[in-house]
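Chemist: Based on these hints, arrange chain D on the given structure of chain A.
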Amino acid sequence: MAAPLLDIEDLHVRLAAGRAARPVVDGVSLHVASGETVGLVGESGSGKSVTCRAVLGLLPRGAAATGAVRVDGSDVLAMSAARLRELRRHHVAMVFQDPRAAVNPIRRIGDFVTEGMRAAGVPREAALGRAEDLLESVGIRDPRTALRRYPHEFSGGMLQRVVIAAALAGEPRLLLADEPTTALDVTTQAEVVSILARLRAERAMGMLFVTHDLELAAAICDRVYVMYAGRIVEAQSADGLFARPRHPYTAGLLGATPRLGSELPPRAVPGRPVSLAEAPAGCAFAARCAHALPRCADEQPVQREVGGARVSCLRAEETADD
Amino acid sequence: MTEHVLQVEGLRKAFGGHVAVDDVSFSLRPGGSLAIVGESGSGKTTTARMLAGLERPDAGRIRVAGRDRSDAARGRAGRLARAREIQMVFQDPYLSLDPRVTVARCVEEPLRLHLGAGAREGRARRDELLARVGLGEREAAALPRQLSGGQRQRVALARALATAPKVLVLDEATTALDVSVQAQILELLAEIRRDTGVGYLFVTHDLALVRHVADDVLVLYEGRVVESGPTVEVLSAPRHPYTRLLLHSVPRRGWDPARIAADRRALATALREGPASSGAPHPNTNPPTRSVSP
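Each protein sequence line maps, in turn, to chains A and D. Oh and the first sequence: position 11 is 11 in my numbering, straight run, nothing missing. Quick note: to get my numbering, add 322 to the position in the second sequence (first position is 1).
Isolated chain A, as found in the complex:
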């Protein structure tokens, strides 16, 4: 089997010493193949965004990471500053949640979209021509005029398209999308997701889609990883995840999500999501789990294969038979 496009192996991240020092990611392993859309789902404090940013070497100042984050076989964690620039320019691009925070409000759209190409030595005219094509490919009407406009002249949905166009300028093979539609209206979300899906297919990119929305992940992803308190608790195909969630947290999250097609009202999961630093020695979900046994709080579950899914739950085999 060829090496996957993205291969994260046993990633641990610890924030810098001082008052905020704490572990935030604990033993995360995941992979994304070329042409694959993979979801990374979790609630606040689950470590999903930190994991995603580690792929670009974008960790908080002073944070310590161990393990390996390989893109096309090269370990991002071991890269020099020059190699990192090269990685961000040509191999991996990222789209963030808030497009207004991602662009410089006092520079023109054209400057923003061509910035990476110009830095890579593409002549100005050629870069502008290519930016026009990119804006057209994300559905911006009259792209030539758009290049001269400023960010405030665009709605959130339109600006997120501009950000996607700029992310594609370096022809990346891997696209990281960190809650790219969370700030958008529902109908706009559908439009931006359809653009991402089309471009991913056209360019045979791999995509890691980070979201808190299980339904959205299920709608667009081939496989889904579910994170809780800095660890991956379950990984399986999107279809399998919905038909047979294997981890009680995944099942709880599915039950708590209001659904159009369901007669059942959303069911609350008691307690609140904890961070890795607050988690007990054993399973971090134990305190909120209806299936927890006394040993769950002390014994760290080992991730293993159960019924076609990778699961970290001491009782996965028992509950799988229910």
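Treat the hints with care, since some could be wrong.
Unchecked claim - FRET-style restraints, in silico, Cβ to Cβ:
#1 D:R594 / A:R304: 53 to 61 Å
#2 D:S362 / A:R61: 52 to 60 Å
#3 D:G363 / A:P294: 50 to 58 Å
#4 A:R203 / D:E459: 37 to 45 Å
#5 A:E317 / D:R594: 54 to 62 Å
Claimed, not checked - Computed list of chain D residues with no C-beta within reach of chain A, every gap over 10 Å:
#6 R427
#7 A439
#8 R447
#9 R533
#10 A583
Since the hints were derived computationally from the structure, they do not count as laboratory data. The beta-carbon is built from N, C-alpha and C at its ideal position, and this holds for glycine as well.
Modeler: Coordinates of chain D only, in the frame set by chain A:
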């Protein structure tokens, strides 16, 4: 005419030349739950703010328990009396709670202001309210930043309930919460409605949520009501193309975002060129009667 706790007729509000809310009518029965659904720019938040007295309507009537509040309230007592009847919970409790005020004082404030509660009586009622929303002594002594998002929204709810309002306006009140916590707040809201008979007005963009919290629904598009009726009917057999688009936009397995994107563009064109902008008549909507605008 007083069977409705809240009646809104022909509400209109313009900012500069832009009409944000245009001839919006609806009513809420006591203890009922109505959802106002729309995207940004639909006028849903402006409508909510007019109900809570945070904006003055340019035209239209708002009646609460049969009493008209179209004109400005007369005097302090009048303003307070109105504020007691409709309370509001906002999306972000980080912004709506004073960061320097403890939870206990935050909940006591409306008790003192509205009910003139004495110190001892105020404390007792405060503890009752906090217990009602699932908060204890430890949380009462805390500042907002020491609480989780879900706990802060519980505080906002306790404070809103302090005046025993007839109507609670929930403006995207659970949107910012984690899914597992949102469900807790929804369960709490359902309990409170059952126990106190307060009516809810959910302002939201989330149709899946509406499905589970509202008896009736009102769909707004560019300031106008395009469809309204009992939630079950509107969601199972939407009549207006915009309602259908909103429904299709909710992500699920087998979802086809490319088709939604195409429908959305077609609809925007149709509605811009269609009768809606040429001043064609549209129904005076009054749930649970089913109605659709052209």
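Chemist: Indicate, hint by hint, whether the structure satisfies it.
Modeler: Consistency of the hints with the structure:
1. Look at D:R594 against A:R304: about 56 Å separates their beta carbons, and that is inside 53 to 61 Å.
2. A beta carbon spacing of about 35 Å between D:S362 and A:R61 contradicts the range 52 to 60 Å that was offered as a hint.
3. For the pair D:G363 and A:P294, the supplied restraint of 50 to 58 Å holds, since their beta-carbon distance comes to about 53 Å.
4. Judged by the Cβ atoms, the range 37 to 45 Å given for A:R203 and D:E459 is violated: they are separated by roughly 58 Å.
5. Here the CB-CB span from A:E317 to D:R594 is close to 58 Å, well matched to the stated 54 to 62 Å.
6. With a minimum CB-CB distance of about 24 Å to chain A, D:R427 clears the 10 Å threshold, and the non-interface call stands.
7. Distance check for D:A439 against chain A: the nearest CB is about 31 Å away, which clears 10 Å, and the non-interface claim stands.
8. Distance to chain A confirms D:R447 as a non-interface residue, since its nearest Cβ pair spans about 26 Å, more than 10 Å.
9. At roughly 6 Å, the least C-beta separation between D:R533 and chain A is not larger than 10 Å, which violates its mark as non-interface.
10. Its beta-carbon lying about 4 Å from the closest one in chain A, D:A583 breaks the requirement of being farther than 10 Å from that chain.
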